[in-house]
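2 protein chains.
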Amino acid sequence: MASKQILQELKPSQFLSRPPPSLSLRFFSVSIAVDNRNRNRNHNHRLRHSSSSSSKLYNPVFACRTSRDSHETDSSRKDDDSPVHGLSEKIVGVLGGGQLGRMLCQAASKMAIKVIVLDPSENCPASALAYDHMVGSFDDSATVEEFAKRCGVLTVETEHVDVATLEKLEQQGIDCEPKASTIRIIQDKYLQKVHFSRHGIPLPEFMEINNLEETKRAGELYGYPLMIKGKRLAYDGRGNAVAKSEGELSSAIDGVHMVIVTWDWRILGGFGRGLYVEKWAPFIKELAVIVARGRDNSILCYPVVETIHKENICHIVKAPADVPWRIRKLANDVAYKAISSLEGAGVFAVELFLTRDGQILLNEVAPRPHNSGHHTIESCYTSQFEQHLRAVVGLPLGDPSMKTPAAIMYNLLGEDEGEPGFKVAHQLIARALEIPGATAHWYDKPEMRRQRKMGHITLVGPSVGVLEARRKSMLREEGYENRNEVAPRVGIVMGSDSDLPVMKDAARILNMFGVSTEVRIVSAHRTPELMYSYASSARERGIQVIIAGAGGAAHLPGMVASLTPLPVIGVPVRASTLDGIDSLLSIVQMPRGVPVATVAVNNATNAGLLAVRMLGVGDADLLARMNQYQEDTRDYVLTKAEKLRKDGWEAYLNQ
Amino acid sequence: MASKQILQELKPSQFLSRPPPSLSLRFFSVSIAVDNRNRNRNHNHRLRHSSSSSSKLYNPVFACRTSRDSHETDSSRKDDDSPVHGLSEKIVGVLGGGQLGRMLCQAASKMAIKVIVLDPSENCPASALAYDHMVGSFDDSATVEEFAKRCGVLTVETEHVDVATLEKLEQQGIDCEPKASTIRIIQDKYLQKVHFSRHGIPLPEFMEINNLEETKRAGELYGYPLMIKGKRLAYDGRGNAVAKSEGELSSAIDGVHMVIVTWDWRILGGFGRGLYVEKWAPFIKELAVIVARGRDNSILCYPVVETIHKENICHIVKAPADVPWRIRKLANDVAYKAISSLEGAGVFAVELFLTRDGQILLNEVAPRPHNSGHHTIESCYTSQFEQHLRAVVGLPLGDPSMKTPAAIMYNLLGEDEGEPGFKVAHQLIARALEIPGATAHWYDKPEMRRQRKMGHITLVGPSVGVLEARRKSMLREEGYENRNEVAPRVGIVMGSDSDLPVMKDAARILNMFGVSTEVRIVSAHRTPELMYSYASSARERGIQVIIAGAGGAAHLPGMVASLTPLPVIGVPVRASTLDGIDSLLSIVQMPRGVPVATVAVNNATNAGLLAVRMLGVGDADLLARMNQYQEDTRDYVLTKAEKLRKDGWEAYLNQ
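Protein chains in written order, with UniProt numbering: chain A, 1 to 655; chain B, 1 to 655.
Just so you know, these hints were derived from the structure itself, not from any lab.
Bear in mind that the values here come from a model prediction, so they are computed numbers and not experimental data.
Careful, some of the hints might be misleading.
Copies of the same chain look alike in the list, so a pair counts if it works inside one copy or between any two.
Stated by the list, open to error - Derived lysine-lysine pairs resembling DSSO-like cross-links, with alpha carbons at most 30 Å apart:
id : residue 1 : residue 2
1  : K149      : K423
2  : K244      : K640
3  : K310      : K149
4  : K285      : K310
5  : K216      : K329
6  : K646      : K231
7  : K646      : K310
8  : K179      : K643
9  : K504      : K329
10 : K640      : K329
11 : K423      : K285
12 : K149      : K285
13 : K231      : K337
14 : K329      : K643
15 : K337      : K423
16 : K216      : K504
17 : K640      : K279
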């Protein structure tokens, strides 16, 4: 069967498919730790009696010597008695101290790994959490060189860095992860496209343009709308422009109409900065895959997610993406192949297009943690930030799979400048804090600006459908204002209300176990459309188990089971004739491929109990309660047994 | 039914049972934020050209004014333009900067809430992560007073603080959470016992002792072994001593033999420090419940956990505790009641004894985050640390329930002094990093000491049973060395090998979906003991679904279902006579209370598919793959349909 081959393959994220990593953990001497202790003492003294003594402790020369030591002796040294206590002796230097750097610091603090950041802004988000923050430009050669001397390993939170310097540093033996070669390829989007097409990665057709004529020819070749992109310094859609017609094209290039088409044509900067065109990809969804590569070249993929953009900026991420498994598999393979073609350790983000005809095309790659992976902090066994640190310092990669069934990430983008913007964000966060499974992240950026990423909210829970409802109520979207009802976990359906006197027992049991339930009349023969829409939408609405009862020629359970991947429990209801054997056989004797979990005739109680046991597969509390139920039932029978023993059978019967 | 009443009650941790919290989030003016920006600039300057300018920025007077402002104007002020960007304008002051303070800082950084700590050790674990660290004793009145002035709210990570000062500060209007009154009650264990017994909380009998005679009388009254406890400054079992006989008693009290009985009799310090005795509680398990209370007095309980101690120090925590639901319910109620009797917001830990006769007795309470709640960082929707912060600053409490079915926390206790101790810890962490779902926490304590809490490892996964196996392999325990096999999720059992030709189809399907499976012969009639032990142990071994096949008088599925809370799928195997109808009816027609999910006669394929659907309840990936399987099956049928249409029925038949 076609599915077999797909299903048998292990997903790349399979935990065991990894080669044994070369582990280098050492509790180890780095004198900067002393420096840090001194910094604290001295800083606290100052707090206590405003003395400003021992500024020499901040002597940069000292600082540099210190960390050059730690670098030169990366491999092994044990002759020092002041150990670094973290999971790695390597000091991780990050070029850039934005929210990505901040979240790297948060992950590092668990492992007590020291992270230092280089960022021009004194109040950059990572500043307060980094072991040290060097104020300076990661695009300035001298600064980067000085910074690099203080790191055991150098990595990035942005690809827009001075790559020439990184290459020079690598020649001097500085350890950059990922490699400078990778960053060079990625920071030039045109070079990136060339590289990936050479490696047989599917992507939209593209070509370089140097003047209006070439652009027009491209327009004739690819048709319109036509994507015009700047090669460099482009992110969050900046540097992309769409020309809907040849007319717009020319006006775009003389930079007049383009200002309207895209609000930052300035960055595109005309042919001088280098432009290329891309054939418009008729995508129906944008997907993304975070891929991690260890220093041992082991590669693991995170679950495929759907990304939803707003004005070209990531706005919402849904994990896992609601696309057929075949598509997830394909997206995984493309992402895996793309990252295999690059050099160096760390996590990478692969942005993809899913086209109408089921193709996966590569959009672009980021050589760092990415907005599409923020949900992993709460939803995966290993967050993308811990993973990036594990990778660059040379620890084994962690399990990237999800520990919750679903997650939704919502970006807090500045909706206004200054205080009004803070107000809007704060009102949203206040509502988020009321939502079960919601976590609010605030990046502590000094200024609020429109469209700026100020923080994000992650929702985790039983299904993307349920989380979508929670997100909409958080945003007070139409029809979701102040919605507090619990989404039903079990759907009880029956062919007619005449089955209700039997089916009610299932509802009673579920009610007794505190499981939210909905009860509906859905007939296979009299309301086939309703039956179809109910069954095929149940999963997305968060239903986890369906109980279907029917009598006579009981087709409802089987039909429902054929329209949903959820487990379906069938209750044969005794009809006027044949004592229910007809219902039983028409429910239980399903063809291969479509199972119905059948219980005894009229025994909806057992259907309810079976549903609770099924939910127990993902709910330890329910399993424990089922255990309790069984013990109580036993005790109940034992008391009757004891009564019979004491009273004797005659007295027992006469009561 | 007895169970009904228990099951119908909502667990205290039920998310919706909370009164609407009084929310106070405000992006708000606190000049210390400016102070912080300046500190960064100034610090980074220093890094770059060793200038030590602007130490005045650390002027404590300035700092104090600053935060007194922020305190006095807690309620509302909007006339300042430098906003605090976090989820709360309150600066949280923590007395103590150990690992609990450190993990509070980690939680605070997500929310950008500013935490400052008071701790005597310059390199205390919280020092590197706190917004500020004031070096000083939290037992010194003047220091605490100065510190308090800088906080919007004052809280603790230890109960051994100068409570008189806190009471004085409260009179001055300083906001302490929890209240000083609560800390006074808790820091004196005798007072604590008196308080809780007054409030009708069940606990072991106890009495104050002032001399040897009273102690002997207590011994006669309570019998031996007898617990002798110091009233104050006792934690991690320090200050507790066990006298096995009256003989040991006297020698204990003249402090000779006691040194052997407990290694820190010094802290017990004889009658001078105040002693009391406790009747020995014959417990079979120690349980703990983290309870959170908001400023609005809403109370939520975390799942009941089992704590395992080693030399009186918390060593392993299992969540949820493997005890009957009735016991969990009881533990929850006792914990809820205990905390309701105290004043103030925050999280509290309630340590409990489970006695042989199914009683729950209160051991002691901690007014702060607790070792038994560390697992919540990875396993619950809201960690105990985020919860404590939400509580003390007045944000709504988060959902305390578990987002993973199970968690095990393992304390990294110093096993040796200095470098050798680090080595042992590091080897263990290295193994932990290879385990799926394992997270290593290192507290970055400057010195390694025997029995000292240096860090912890949390394992999360599908069941406590599976995690126990992983923990043992991590510790290289007997029989678990280098164990890498995946624990089976589905158990396929059959009455005899003659059923195998049918049952193999279930194994094939599960194999195709990549679900780990075990296949066993277990006969209800020929090996009843084996059947009993298999069924009753399946859940703890991590089995999530059982498929049982049998022919003729097919009792196996029903018997297995009666011995486990797991969902059981029954496959009627056609016997030589009656065409399988006998098997079908003896499997499906189960009495009320014991459901078996029955499939068609000989249709083990559907049993396998049904098992996959059931696992899909807690595994979104499997659900998506089932969806794919259904699509592929449809396509497969459609191709045949198309072939028939094209070739015509005769040609079709003749192929």
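So, going through the hints one by one against the coordinates:
In this assembly of identical chains, K149 and K423 lie within 30 Å of each other by CA distance solely across copies; the values are 28 Å between and 42 Å within a copy. Proximity of K244 and K640 under a CA criterion of 30 Å is satisfied in neither setting, with 82 Å inside one chain copy and 44 Å between copies. In this assembly of identical chains, the alpha carbons of K310 and K149 never lie at most 30 Å apart, being 40 Å within a copy and 45 Å across copies at closest. For a Cα distance limit of 30 Å, the shortest separation of K285 from K310 inside one copy, 13 Å, qualifies, whereas the shortest one across copies, 54 Å, does not.
Proximity of K216 to K329 under the C-alpha cut-off of 30 Å is found in neither arrangement, the shortest distances being 38 Å within a copy and 74 Å between copies. Taking the shortest Cα distances, K646 and K231 never come within 30 Å of each other, neither inside one copy (91 Å) nor across copies (52 Å). Taking the shortest Cα distances, K646 and K310 never come within 30 Å of each other, neither inside one copy (76 Å) nor across copies (48 Å). Proximity of K179 to K643 under the C-alpha cut-off of 30 Å is found in neither arrangement, the shortest distances being 79 Å within a copy and 54 Å between copies.
Proximity of K504 and K329 under a CA criterion of 30 Å is satisfied inter-copy only: 27 Å between copies versus 42 Å inside one chain copy. Proximity of K640 to K329 under the C-alpha cut-off of 30 Å is restricted to the inter-copy arrangement: shortest distance 26 Å between copies versus 57 Å within a copy. For a Cα distance limit of 30 Å, the shortest separation of K423 from K285 qualifies neither inside one copy, at 32 Å, nor across copies, at 50 Å. For the identical chains of this complex, K149 and K285 are neighbours neither inside a copy (44 Å) nor across copies (54 Å), given an alpha-carbon limit of 30 Å.
When the C-alpha separation of K231 and K337 is checked against a cutoff of 30 Å, the pair qualifies only within one copy, where the shortest distance is 23 Å, while the shortest distance between copies is 65 Å. Taking identical chains as interchangeable, the C-alpha atoms of K329 and K643 lie at most 30 Å apart only when they sit on different chains, with a minimum of 29 Å there against 62 Å within one chain. Taking the shortest alpha-carbon separations for K337 and K423, neither the intra-copy value of 44 Å nor the inter-copy value of 39 Å comes in at or below 30 Å. For the homomeric pair K216 and K504, neither the shortest alpha-carbon distance inside one copy (70 Å) nor that between copies (64 Å) is at most 30 Å.
In this assembly of identical chains, K640 and K279 lie within 30 Å of each other by CA distance neither inside one copy nor across copies; the values are 78 Å within and 38 Å between.
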